[in-house]
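Start from the sequences and build out the full structure, keeping to the hints where you can.
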Amino acid sequence: MDALLHQIFSGIASGGIYAGLALALVMIYQSTGHINFAQGEMAMFSTYIAWELIDYGTPYWGAFFLTIVFAFAAGVAIERLVIRPFHNLPVIALIIVFIGLLVVVNSTASWIFGTTLKTFPSPFPSEPLWNNHYISNHELGSIGVVLIIVAILFVFFRYTTLGLAMRAVAENPISSRLVGIRVSWMLALGWGLAAAIGAVSGMLVAPILYLDSSMMGGVLIYSLAGAILGGLDNPWGAAVGGFIIGIMENVLGAYVIGTQLKFSVALIVIVVVLLLRPAGLFGRTVVTRV
Amino acid sequence: MGALLSVKNLTAGYGETVVLHGLNFELREGGITAILGANGAGKTTTLRALCGLCRRRGEIEFDGKRIDNLVAEDVVRLGVAHVPDGRGTFAAMTAEENLRLGAYLRRDRDGVAQDFENVYTLFPRLKERRSQQAGTLSGGEQQMLAIARALMLRPRLLLLDEPSFGLAPLIVQEIYRTLRTINQQTNVSMLLVEQNATLALDLADHAYLVETGRVVISGESETVKADETIRRSYLGY
Amino acid sequence: MAEQVKTSTTSTVAGQPLSSVPLVKSATAQIQAVPLPRRLAGGRAWGIGAIVVIGALLPFALQNFYIFQLTLAMVYAIALIGLNMLVGYNGQVSLGHGALYAIGAYIAAILMNSYDWPYWLSVLPAGVVCLVFGYFFGLPALRLSGHYLALASLALAVTTPQVLKHKALEQWTGGFSGIVLSKPEVPFGLPINQDQWIYFFVYAIMLVLFLGAYNLLRGRIGRAMIAIRDQPIAAEAMGINSAIIKTSTFGVSAFYTGVAGALSAIVVQFVSPDSYDFFLSITLLVGIAVGGFATISGAIYGALFILLVPNFAGELSKSAPWAIYGVLLILVMYFLPTGFAGFVRMIGQRLSAMFTR
Ligand SMILES: Nc1ncnc2c1ncn2[C@@H]1O[C@H](COP(=O)(O)OP(=O)(O)OP(=O)(O)O)[C@@H](O)[C@H]1O
Ligand SMILES: [Mg+2]
Numbered sequence: 001m002d003a004l005l006h007q008i009f010s011g012i013a014s015g016g017i018y019a020g021l022a023l024a025l026v027m028i029y030q031s032t033g034h035i036n037f038a039q040g041e042m043a044m045f046s047t048y049i050a051w052e053l054i055d056y057g058t059p060y061w062g063a064f065f066l067t068i069v070f071a072f073a074a075g076v077a078i079e080r081l082v083i084r085p086f087h088n089l090p091v092i093a094l095i096i097v098f099i100g101l102l103v104v105v106n107s108t109a110s111w112i113f114g115t116t117l118k119t120f121p122s123p124f125p126s127e128p129l130w131n132n133h134y135i136s137n138h139e140l141g142s143i144g145v146v147l148i149i150v151a152i153l154f155v156f157f158r159y160t161t162l163g164l165a166m167r168a169v170a171e172n173p174i175s176s177r178l179v180g181i182r183v184s185w186m187l188a189l190g191w192g193l194a195a196a197i198g199a200v201s202g203m204l205v206a207p208i209l210y211l212d213s214s215m216m217g218g219v220l221i222y223s224l225a226g227a228i229l230g231g232l233d234n235p236w237g238a239a240v241g242g243f244i245i246g247i248m249e250n251v252l253g254a255y256v257i258g259t260q261l262k263f264s265v266a267l268i269v270i271v272v273v274l275l276l277r278p279a280g281l282f283g284r285t286v287v288t289r290v
Numbered sequence: 291m292g293a294l295l296s297v298k299n300l301t302a303g304y305g306e307t308v309v310l311h312g313l314n315f316e317l318r319e320g321g322i323t324a325i326l327g328a329n330g331a332g333k334t335t336t337l338r339a340l341c342g343l344c345r346r347r348g349e350i351e352f353d354g355k356r357i358d359n360l361v362a363e364d365v366v367r368l369g370v371a372h373v374p375d376g377r378g379t380f381a382a383m384t385a386e387e388n389l390r391l392g393a394y395l396r397r398d399r400d401g402v403a404q405d406f407e408n409v410y411t412l413f414p415r416l417k418e419r420r421s422q423q424a425g426t427l428s429g430g431e432q433q434m435l436a437i438a439r440a441l442m443l444r445p446r447l448l449l450l451d452e453p454s455f456g457l458a459p460l461i462v463q464e465i466y467r468t469l470r471t472i473n474q475q476t477n478v479s480m481l482l483v484e485q486n487a488t489l490a491l492d493l494a495d496h497a498y499l500v501e502t503g504r505v506v507i508s509g510e511s512e513t514v515k516a517d518e519t520i521r522r523s524y525l526g527y
Numbered sequence: 528m529a530e531q532v533k534t535s536t537t538s539t540v541a542g543q544p545l546s547s548v549p550l551v552k553s554a555t556a557q558i559q560a561v562p563l564p565r566r567l568a569g570g571r572a573w574g575i576g577a578i579v580v581i582g583a584l585l586p587f588a589l590q591n592f593y594i595f596q597l598t599l600a601m602v603y604a605i606a607l608i609g610l611n612m613l614v615g616y617n618g619q620v621s622l623g624h625g626a627l628y629a630i631g632a633y634i635a636a637i638l639m640n641s642y643d644w645p646y647w648l649s650v651l652p653a654g655v656v657c658l659v660f661g662y663f664f665g666l667p668a669l670r671l672s673g674h675y676l677a678l679a680s681l682a683l684a685v686t687t688p689q690v691l692k693h694k695a696l697e698q699w700t701g702g703f704s705g706i707v708l709s710k711p712e713v714p715f716g717l718p719i720n721q722d723q724w725i726y727f728f729v730y731a732i733m734l735v736l737f738l739g740a741y742n743l744l745r746g747r748i749g750r751a752m753i754a755i756r757d758q759p760i761a762a763e764a765m766g767i768n769s770a771i772i773k774t775s776t777f778g779v780s781a782f783y784t785g786v787a788g789a790l791s792a793i794v795v796q797f798v799s800p801d802s803y804d805f806f807l808s809i810t811l812l813v814g815i816a817v818g819g820f821a822t823i824s825g826a827i828y829g830a831l832f833i834l835l836v837p838n839f840a841g842e843l844s845k846s847a848p849w850a851i852y853g854v855l856l857i858l859v860m861y862f863l864p865t866g867f868a869g870f871v872r873m874i875g876q877r878l879s880a881m882f883t884r
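Residue numbers (the numbering used here), protein chains in the order written: chain L, 1 to 290; chain P, 291 to 527; chain S, 528 to 884.
Treat the hints as calculated values from the structure; they're not laboratory data. Be careful, since some hints might not be right.
[As the list claims (entries may be wrong)] Covered by chain L, per the in silico footprint, the following chain P stretches (three or more residues, Cβ under 8 Å): (1) 296-310; (2) 371-382; (3) 387-396.
[As the list claims (entries may be wrong)] From chain P, some residues computed to sit far from chain L (all C-beta separations above 10 Å): (4) ASP405; (5) PRO414; (6) GLU418; (7) ARG419; (8) PRO459; (9) THR471; (10) LYS515.
For clarity, every value in this text was computed on a predicted model and none was experimentally measured. Where is the CB? At the ideal position from N, CA and C, for every residue including glycine.
The structure is reproduced here in structure tokens:
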């Protein structure tokens, strides 16, 4: 029983991480209908920036927010320079471009920052709360950060004009132009936000997995599974999906299929969800009357 | 008095196909002008050309400024609101969110709040339905929402693409009555595209008949109404 | 653009996401639809004949290392033509063909290693197993398209190495360390060395498979595949059974890729789980993108690209070869969306236009 609780808690903890990257994926999917396969690598790269900043002596939270700003700017720049020229090309070309981007970011990171594993600090105290042995403070803190991001996104999309405009562009670009929204900037903004959220998730992963250019590979797969499970067009759905995947990965890995086949969990979830409920558990069903 | 909108020698099309072959027309400030024509005449294309939503060439002057090289987002900024064919509502959003998007360019909060009141007075039905997903509104309600959304811009020119399309006669009459009220209250000019010539000619002061991308008849509504061709082919008596 | 985004947000519900988005620029199809003038077609046959002969002579002119490299390129070309059937002609994006390649390689390796089958007998079963596997993976794929299919197949690519490493299969797969095979002997006392022999072995199989692909893709079935890619609804209306065509395409595509995998095991004489990671799937997709979607000759260009460019990039920059690879990839997509095959064809058309004028 205790062991099971253990698995569930560590599942929730890794779920928080998947939820973070899943949110980033949803940002771009919502506004463009594309899945950015390079999202994890971009997050990893930003985490290296944070590491460098901390290494220069920047206090943790200073580095944290500077990195978010960097990631946002980089996201906007990538959209405008790399993705924009392809917006009229077929999906397959874009998938290839995403893969090219993945490769470029990944190898640039190992080129600039080297290939040795780096330890990354956690901003949370190391003594576990109430001396519990189920969940560390870093894990608790990560979950908290993810929940805060979800809350911010909720408010942003529901109540701010900018958030409304981003949703509008996702739904109907032509009508959006007709009310004066600059569609292309909204797409770039979506990329910026996604990159910023991804950077946060990278900085939360790094203390657990150690910083390394392949750090986000597995995380991306689970996050994709989580985003699909929860619904690619729904931020909090994707976050919940991330948590569910985390728990499934740990519990199923420990008791059912063995840790060696953990990735299969992601595979099975992706295929089953796509087949049975392509909109995901919490995906919005748009009703249109003609 | 100079025209608010003047269009000279407008050609437009999509890709290789040319749809408009040199259109000329004018619209005075505060006036309502109708563009009539059969299916495929190029009415929708005319409106899209004005907004920069399709490839076009020619001279388009709005309020003394050339707008034929502006993109849609910038045309809107000059105060041209477009109610497109098919209504273009944001189906997954609530009616109120649609209206907020209509006011996207506005920075005067008080004015926007006032305009919410105004459009809800004009279309009381929308007030009842304001938190309903636009996609689930009835066709008539969606058309009202589309017009209301355009009004939220406080436009100087309203482009209307077949506001009667697919609606029951009673609803159509209601919408046309409201359009007249809007024109009288706010002095907004309207460029109205219609197949239903009777309706359009009753509302408009000027009318142009377009056939395969060319203006074939133009003049004041009364004159156009009396025209033999119009009577036979478009009014049906 | 408007249509695209709209369908993608709404039709996830309908279970047919992105189905109305053209997957491959129809320019490719248009170029192909232009009938070749008879004289040119004749010239083309001569050209192909010449290339076939040169291919047969090459191993006598090259050092063993280059023979080995070319053999590998041919193996890739077989895999690429298989993948291109699916992605280029039929519009189903797969990021999982590395998995099929791995399955082919392992089936062949296990047959040779655990059951002492001769190498030349192990190729066909590997292809057939992949055919069956691909067909069944193609069934759920019927309901997925665009990014979604890419995702599902991506997960397959990531999972396969883990399965190959798994304890339960270790007695056949050799677990982490894989299987080492012996180098095929030259038969019939032919006066050539082993590398040359393997080259001819692969070369013969490649020619047969290319001929098969040519007949398949240039015929009625190929047209049906393209119709399903470009006009799914119209294709159905014309009486094309798109479910059967799509799953069969998946199967045949998997067959080609599985055969390529089996050949790679014979050529390299080694299989291990980590040689078939996710990057292999990506590499294959890159190969058809660079070679040219929905082209047959593109498989050759693509194979050479994925074989040579990493080396070339490695020489250009010792520290970040993959970065250059990635940049090249993006540039090719931008400047040559129809791939090298499209480029070559365009040059050819320009030239022939110049001479016929
Ligand atoms: N996006 C497009 N691409 C290519 N051709 C188009 C496009 N939109 C319209 N057309 C063509 O332009 C011509 C004029 O179309 P338009 O929509 O302007 O007609 P309309 O007068 O509005 O007709 P209706 O009364 O049926 O709405 C038609 O022949 C149509 O086929
Ligand atoms: Mg129309």
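Output the indices of the hints that this structure fails to meet, ascending.
Per hint list: single violation, 1.
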